[in-house]
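With the hints as your guide, set chain Y onto chain P.
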Amino acid sequence: MSVCRENANIRDNHRRLLAEKFELRRNLYKALCKDTSLPDELREENRYKLSKLPRNSSFTRIRNRCIFSGRGRSVYETFRMSRIVFRALASKGMLNGVKKASW
Amino acid sequence: MAPGSLKSILTAAVNTGVTEARARIFGHVLNPTGLKSAHKILRKKLIGEKVAQWYPHDIRKDDPLIMEAEEKERTNKLEMLKRRGKGPPKKGQGKRSKRKS
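Top to bottom, those sequences are chains P and Y.
The letter at position 88 of the first sequence is residue 88 when you use UniProt numbering, and the numbering goes up by one with no holes.
The letter at position 12 of the second sequence is residue 12 when you use UniProt numbering, and the numbering goes up by one with no holes.
Since no wrong hints were added, every one of them can be taken at face value.
Here are the simulated DSS-like pairs of lysine-lysine, each with C-alpha atoms no more than 27 Å apart in a straight line:
1. P:K49 to Y:K40
2. Y:K40 to P:K21
3. Y:K45 to P:K52
One side of the interface only, derived from the structure: several residues of chain P facing chain Y at Cβ under 10 Å:
4. N27
5. L28
6. L32
7. K34
8. T36
Hints were generated in silico from the structure; no laboratory data involved.
All C-beta atoms in this analysis are idealised placements derived from N, C-alpha and C, irrespective of residue type, glycine included.
Next comes chain P alone, as it looks inside the complex (with noise of 0.2 Å):
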């Protein structure tokens, strides 16, 4: 049960790095160019600064990839592994408490 290396996990990884470095950082710019209440300039200087930080810090950048073979499409969370992993794992009898439904 290797972890194959693949390039779009690395890159995956670092922007999972990224993110968590500068989420709190992130989070201030954004609430505090979004109140209303503050001033203009205020507001304006926030917003150029939470356009400064790096694209790869983003959340939204972030994709569940599979761990095993690096698949970015139908990833479940709660296992993270694509349908094609799970389902040869789960046949072998790898993942505790799976067992084929049938009811």
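Coordinates of chain Y only, in the frame set by chain P:
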């Protein structure tokens, strides 16, 4: 009864009084006029830590021997391809960039 009747005025006053008292006690942020407020963004919990822990740590990285062996295999494979003339092209000579110019 008249539209601004005494009963409705009284109930409105009592309600505002109760909400203000509740906010004072529990430290809530009030917005009776409904203007846009920055409080909505600031009250959210921080998720950065959980997000950054998506990919599990590869234990093969802790062993320098295995890392060196894998790196050697990678360079060997690359060398074999280059010998056959199948290695990666120089910058600006790839399929797409050639097609563009």
